[in-house]
Each structure stands twice: as C-alpha cells, then as structure tokens.
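Since chain A is already given, all that's left is putting chain B on it; use the hints.
Protein chains: 2
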Amino acid sequence: MRLSRYFLPVLKETPAEAQIASHRLMLRAGMIKQAAAGIYSWLPMGFKVLRKLENIVHEEQVRAGHIPMLMPTLQPADLWKESGRYDAYGPEMLRIRDRHDRDMLYGPTNEEMITDIFRAHVGSYKDLPLTLYHIQWKFRDEIRPRFGVMRGREFLMKDGYNFDVDHEHAMHAYNRHMVSYLRTYERMGLKAIPMRADSGPIGGDDTHEFLVLAETGESEVFYDSAITDLSLGNRDIDYDDWDQVALICNEWTKPYARTDETHDAGLFEKVPEDRRRTSRGIEVGQIFYFGTKYSEPMGATVNTKDGEKVPVHMGSHGIGVSRLVGAIIEANHDEAGIIWPEGVTPYHVGIVNLKQGDGEADRACEDLYAALTRAGFEPLYDDREERAGAKFATMDLIGLPWRITVGPRGLKAGVVELTSRRTGESEELAPDLVVDRLRGIYAGHL
Amino acid sequence: MRLSRYFLPVLKETPAEAQIASHRLMLRAGMIKQAAAGIYSWLPMGFKVLRKLENIVHEEQVRAGHIPMLMPTLQPADLWKESGRYDAYGPEMLRIRDRHDRDMLYGPTNEEMITDIFRAHVGSYKDLPLTLYHIQWKFRDEIRPRFGVMRGREFLMKDGYNFDVDHEHAMHAYNRHMVSYLRTYERMGLKAIPMRADSGPIGGDDTHEFLVLAETGESEVFYDSAITDLSLGNRDIDYDDWDQVALICNEWTKPYARTDETHDAGLFEKVPEDRRRTSRGIEVGQIFYFGTKYSEPMGATVNTKDGEKVPVHMGSHGIGVSRLVGAIIEANHDEAGIIWPEGVTPYHVGIVNLKQGDGEADRACEDLYAALTRAGFEPLYDDREERAGAKFATMDLIGLPWRITVGPRGLKAGVVELTSRRTGESEELAPDLVVDRLRGIYAGHL
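Protein chains in written order, with the working numbering: chain A, 3 to 448; chain B, 3 to 448.
Next comes chain A alone, as it looks inside the complex:
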C-alpha cells in the first residue's frame, strides 16, 4: 500500500477522552473512530489488524477440529425465556422491539441459540463429539463504556460451544480449547496465562480465564513466574490425542496463577519466594464447562449407545477478538507509539523515502516495494512529500515492526537501512538483500 492512496488519518494531539495507552494510540494512529459511546468504526488500519486476529482465531479453531458457522446478531427473546436468562440478564442486555412488537435482543452471547440449533438437528451419540463456533459482533450495554475497544458495547467475539456425550468427553473438549487458545495467543505474540476463574453469570463448574499481563489490566493477578517461561513453540499437536492435550493443559495449569477473585494466599505462599509475582492482567478469553445447564431445560438430548436418552454435556469458550487489539497494544507500545508483534502487524514493513522526487531514491523504493510484494509481504510505502522527521514519527506511531529507510546518501554507498521498531537498532544492507533478511524475520508468520 502506498500511503498517498491510503486512508490513515493520524492525529497530532492526544484525544482528551482516552485514559489508557491502547485507546490513545488507536485513536492517534487512525485505527478507530468513535461512532457512539462504546461503539467504534474500524478505520482501514484498525480493520486490517482486526481481520488478521480473526483469521488467526479461525485457523487455530479449525486446526483443533472445531467447525465454523455464523449466528445472527439479533435473537428472539423467546429462546432466553426458555433458559430463564431473559429476566436474569439485567440492563446490559440490549432489548429491542420490532415493527410487529416482537421482543428481540442484540445477542450478548449464544448459548441458547446454539442449543436450539443442536436440539433441532442432533439426536444420536454418533453425531458427537461436536464443537461449533462463530466470530460475530455482540452487544453488552455497559453502563460506563470506556478504554476504547477494551470495554466497548459493540464488540467482536469468538464464541464456541462443545456438545459431548458425557463429562469425560466434555473435559477433553475443554482441554482442546485451552490448548487451541494458547496457540492462538502465542501466534499473536502474547503471553496469555490461563488462570482458574469464578464462573460468573454464565455458570460453570470448570473455568479458566486467559490473562495478558499489563499495568492497565482490570484484574489483580498472582502467579508463579515459571509460567511465563512456558511456550508451545512448534510442537506438533494432535487434538484427537486426549493424553497429549491433557498433558499440555497440566503443564500450563500446574504453576500457581490466579486472579484476585480466586486467589488463595495460603497456596501462593508455597510458590518459592523469588518466583512469586503480583501484577495486573487483561482478560482476553475464557473457557467454561457447564455440563447440562442449558441442555436440560432446553431439551437438548442424545440417545447413547445403550439407547438411553441423556442431556448433552456442554461448554462455552470465548475469545475477545476486538478487545485483543487493545490488549496487544497495552502489552506492546512505548512513548512513540505502537510496536506490533510480527504475527499481527497490519503491514510487515514500512518504506520511508527520505527524498521523495529524487529519481534514484524513488526508483529504489519502487523496486523494493515490488520485490517485497512479489515475495508475499505487504509493505507500506510512505511516498508522501513530507519531511523525514514526520515520516519517522508516523512510522513509530503506527508501529510496523520493521522500517526500511531509503535515501540518496545511502544509495550512493549501495545500502538502505533496516530498523527494528522494538529495539531501535539499525543495520545497513544492500537493497537486494532486504527480501531475504525479512523472510528470515517473518519465518512462520507469512
């Protein structure tokens, strides 16, 4: 993309309403614009990141054997009356009446609707196990929306639902979700720690939240630092292998890690003192096992091998996709702006032309742009007639992890400069070595 043809409305001033870094930086970097309290338009660069996260979530869910579908944003109230949650949910549910005076609502979650789909179509244990998920906009009418996309009202969520014949199978689905979530966050460059959680309004017996460490997190967290050393790396995971999946979950849930809601000071003291950490965290996902809580009242049953009719065991599992954009920025920024991890950056590399209009510099930039594009990269070329300082400031603000600086002086010496946004370190190299250098950097991310 050439900046001269893009729509990247960066702001010079810091908007007064923004209290936390990610909100400030998303506004300043031209990623979002508020449409109403807690409701945002995603401007082109914001949308690009959001879409990347959505694709990563899809890929990892499909890899785990979960099946994508899509439920609508609006739901009939009747379903929620059946489960008993219509009255229980409170004012965060956006209630709507259509032109025929039918009660509707903007879905805050989809347990009822997916259970309705299941009971209409599935009747035998032979159709299990089954995990369906979707990525769809939800609405929660927060009384005080704030922190930008971190606590918005209209938000994009992945929610998945497993249907299993018994508790044992459902616990494998639970474990499968935990592992697929760990992979998802790792690809996004995040350390997200699973922490035993309270069940909250959805109800549940087993539940973990995934928290990203960040000063601005809404929860206080207590953990054994050993957990932050864990990594899935390139492990080959067979999601049908109950033991392998359970072992990974065990690895991640053995070190102490809890939020203030479930913190147990006595247990925490058993962690060696030099590994005890207290910090704050942002919740970016949650997994629940809730058994037959919805299948019983809603009549979602299957016939077992023995011809017995039993309610299915279910769980629901969510990833806050739009919120993740904010969480990634909270965990990856400095004074000058955002620092995107390689796995989620909207563009892989920025090209700064120090002397737009100079024949040689222009040509070198065009050549690099073409070569990078051919190699499968998405470069962002700042081809505007601007001072070098302004171009650098924009690149630092929008946070592409790598920048190539091209100027007449360097070209005379046969080099361009490659700079890491994270470390600030630069190296000079011949223009025709840039593609290979970036291929190495982005291995596994293209």
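For the record, the hints were derived by calculation from the structure and aren't laboratory data.
Since the model is a prediction, treat every value here as computed from it, not as a measurement.
Possibly wrong hints are sitting among the right ones.
No copy is singled out in the list; a pair is fine if it fits within one copy or between any two copies.
Stated by the list, open to error - In silico lysine to aspartate or glutamate, DMTMM-like type, Cα no more than 20 angstroms apart, as pairs:
id: 1; residue 1: 83; residue 2: 94
id: 2; residue 1: 307; residue 2: 369
id: 3; residue 1: 307; residue 2: 243
id: 4; residue 1: 357; residue 2: 385
Chain B only, in chain A's frame:
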C-alpha cells in the same frame, strides 16, 4: 473435511414455509436455520459459501483500489437527524433505545456514518480520490420477510462510498465500481446484467442495478440478448485508466437492458426482434452517483487546488452478499439440488466411498483425500456407513460440482469415476490422475 466429523444436517422433507427453490434447498442442504422471521443462522456449509463470496468481494474491491474498513452495526440516531433521513426512513428502520434512553438504530446503510468519518478527517483535494467500503450486517425491518436469505431482515451487504473532488472524478469512481462488480459476479459464475434503474430512497442521478436472470426474480426485465454474450474473461484491467474503464462500461450499457421500472417500449423495439428478451431478474447489486446530497447538509468539504471550499461528490455502491447465496442457487439448481459454480462451491469435490469398511476402498479414498488436500483442494469425503444411494442423494443435494466415486469393482480395474454435477457425465480414470484433472477444471479458481 470428513462428513463423519462435519455438521451437515440435511433434511429429507421439504420445509413447508419455503416458497422458492433457493430457500427450500438452503434449508434442505443444511445451510441455514431460521432464528426468527427473516433472521438466519448460517450453518457450517452455508457459512462457508458466504465467506467465499465475502472474500471474492474483498479481493475485487481491493483490486479496484477501494479501501476496506468496518463500521458498526448500531448507529446513533443523531447522524440520521442531520441528513433528514431519520424521520423519512419509515418503519423498515429498526429503532432502538439504549439503557441511557439514547436513540439508536440498526444501520440499514451507511451514508451518514461514512460522511461523518470523512468530514472529521479529510479537508484537502490532495486526499482524494478516496473510496472506502465495508462488508457488514445490516437490518431492514421488512414487514413480510420471505424467500429465505433473499429477502431477510438481517443481511450481509458490501457498501462502498466514493469521495471525489468533482462530477467528472466521481463518474470515474462510478465506472470503476461497475467494472469491479462485473468481475465480482463473473468470478461467482453469474451473469449479472447492469440495468439503468430508478434512484429509490437513497436518491441519485446516475444509478444502475445488477440483475441475475432467474424465474423467481422480483423484477420483470427487458434486454437485448447480445448482453449475455459479453464477458470480461482474463482482461487485464487498469482501474486508474479512465478510458479503459469507461469503454468497458460502455460495452455493457450499450445493449438495451432495463427493469420494468425504467422500461421504454419505444427504445426496446429498436432492438432486433430475434434478440429481444423478456424475463425476470434478481437484484444483486446497485451503484449510485448522488453528488452532494449528503456532503452539503453534513458539511463534508475539501479545499480545491485554487483554495476554494467545495462539498465532495459522492456515490454509494452495494452488493448484497448474503442475498447472492440465494441468487446463485436460483440460477444454478435442478430437481435434485444445488449445482455450485466452481468459483463459489463450499468444497471443490466430493468423495463417495461405495463400500465403507472395505480395506482397499477406504485406502483409495484416504489417498485421494490426502493428495487433493496437499494440492490445495478442499475435498468433502463421505466416510459414513450409508448406502451408496443415500450418499449420492446427499452429494446431489449439496451440489458440489464434481464427485469422485470409489468402489471395489472400479479399483480392481484400476479406476475411479469422476462425475460432473452439472451434466451428470462421468469419466473413468486412474486415481493418480484425479488431481491433475481437477487442477485443469479449477484453473483460475484455486
């Protein structure tokens, strides 16, 4: 995908509520399930097709230089009061009040919101031309929703908005949209004919609708059969080349083609009699030029080269993405089921194992499945223990364009059978020739 692990709830009976083929077939093939009147869940196979269409639309819009973003589903009423449409829109607008008693609405379209974004960020002719678009769920509270996804209430639409400095530039944007739409429909295997249209409630000076010929279409259409012979094929289109783009538009708008709303019997009679056609059509898109209709009341202006402040010239351009799923089926089905065009089929090829459990047949199917997957195809393998007849009926119903039949008798002769869903014709070939044969068939679609 293995059918034993998929969620494809096909129905044996034809649902009584479905009046047209696409609605019937989408229900029977397990693509959708009604959640409320005019509101549907997209079950896995339906979602897969929807997502394919969405991706094609994205690719062709980006190719035309249009920039993707995403606006929210809910909008503040204030914006619509500014343009004067809040009261004018009528009961099809779903009006919502939030917990703070603020008037909101579920967006039926986005002229106001995009104009608000534009005026907040753009002030100079230097930032033009600019075309922004998004693909987002919309809501129109139809009094009598019917025909499944063809006239639903919650529907997925691509809507794009061009901002130009004057009428001449805006007309190039109009033409660019026409050509990008022609390419989009062609990739989907559709003949969509641009027809001069009435402007309707959005208002506009120049406007064309795109209609797919189908008996169940809501509009009567009159056209010169010469237009159905036109094809873009592999033409190399430079969307910055005003003349090339205008010439293509000229080619497609010269033959007579109008809906009953703008039909001119006198003009129609000048078409040679043997080329005069009357039929019915389904609207799958529309392009509008409406000048300064929104930019003037909402103050969306730019400074020109001469320092003059002028309201921008705009147009809006829509493709009914969810409706297209229905339209494609209306134009591509027979008594037995759907017949997907190669460009949009949810799976490229079905594999039918005539004797599940037979060692050799199972192995041949697994080998084919693996080879096809490695080659970049998505096969759907019917690995259930079902009669051959039931497997064929399912394949015919869901409409994958190609089917491979694998059975012990054929394998003994060293062959499997490849069958075209469209023609019903079969050919026998050695299993290891299947991948190459399908590569030829799907050239340009993978």
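Outcome of the hint check:
{"no.": "1", "hint": "83 - 94", "verdict": "within (16 angstroms within a copy, 26 angstroms between copies)"}
{"no.": "2", "hint": "307 - 369", "verdict": "neither (65 angstroms within a copy, 31 angstroms between copies)"}
{"no.": "3", "hint": "307 - 243", "verdict": "neither (22 angstroms within a copy, 67 angstroms between copies)"}
{"no.": "4", "hint": "357 - 385", "verdict": "within (9 angstroms within a copy, 62 angstroms between copies)"}
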